[in-house]
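If you use UniProt numbering, the sequence shown corresponds to residues 1 to 128, in order.
Don't take each hint at face value.
[Stated by the list, open to error] Here are the simulated DSSO-like pairs of lysine-lysine, each with C-alpha atoms no more than 27 Å apart in a straight line: (1) Lys-102 <-> Lys-115; (2) Lys-39 <-> Lys-26; (3) Lys-60 <-> Lys-105; (4) Lys-115 <-> Lys-58; (5) Lys-54 <-> Lys-29.
Calculated from the structure, these hints are not laboratory results. Only a predicted model underlies this, so the values are computations on that prediction, with no experimental measurement involved.
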Amino acid sequence: MIPLAYRALGRAYGPLLRPQRRFVVKLAKNTDEYHASLKASELVIAKFGASWCKPCRKSKAFVEELSEEHPDVLFLEVDVDELPQIADEEGVNSIPMYKVFKYGKSIDVHIGGDKQQLKDLIAKHASQ
Numbered sequence: 001m002i003p004l005a006y007r008a009l010g011r012a013y014g015p016l017l018r019p020q021r022r023f024v025v026k027l028a029k030n031t032d033e034y035h036a037s038l039k040a041s042e043l044v045i046a047k048f049g050a051s052w053c054k055p056c057r058k059s060k061a062f063v064e065e066l067s068e069e070h071p072d073v074l075f076l077e078v079d080v081d082e083l084p085q086i087a088d089e090e091g092v093n094s095i096p097m098y099k100v101f102k103y104g105k106s107i108d109v110h111i112g113g114d115k116q117q118l119k120d121l122i123a124k125h126a127s128q
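Use the sequences and the hints to build the structure in full.
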């Protein structure tokens, strides 16, 4: 059992001692926000997925890590069940699907949750 004094210290200083993580993954809530987000950053990686999709859920932590590694890239998450009109507009027929946008225009697509392929895709476009 942890003594009461240590628990109080943990509550007081715990947030300061734990490393703070910065996530730059934005969830698109409506079509206007989606379109505005595409134009808000030079390079945008839009991840299309769904809450019931196991590969989509598995890739979530990895995408968050990538967002930390590439702070200049906007990572946008789109739930195809919540925004089916965006999924239709972007031609999403398989999930997870990642689309790369530069200045609001689609320039590349990756389908599937392969970590290395996604990492290579982002590195390719982030360096241009």
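Quick rundown of the hints versus the structure:
no. : hint                : in the structure
1   : Lys-102 <-> Lys-115 : holds (21 Å)
2   : Lys-39 <-> Lys-26   : holds (14 Å)
3   : Lys-60 <-> Lys-105  : holds (24 Å)
4   : Lys-115 <-> Lys-58  : holds (10 Å)
5   : Lys-54 <-> Lys-29   : holds (21 Å)
In this structure, none of the earlier numbered hints is contradicted; all agree with it.
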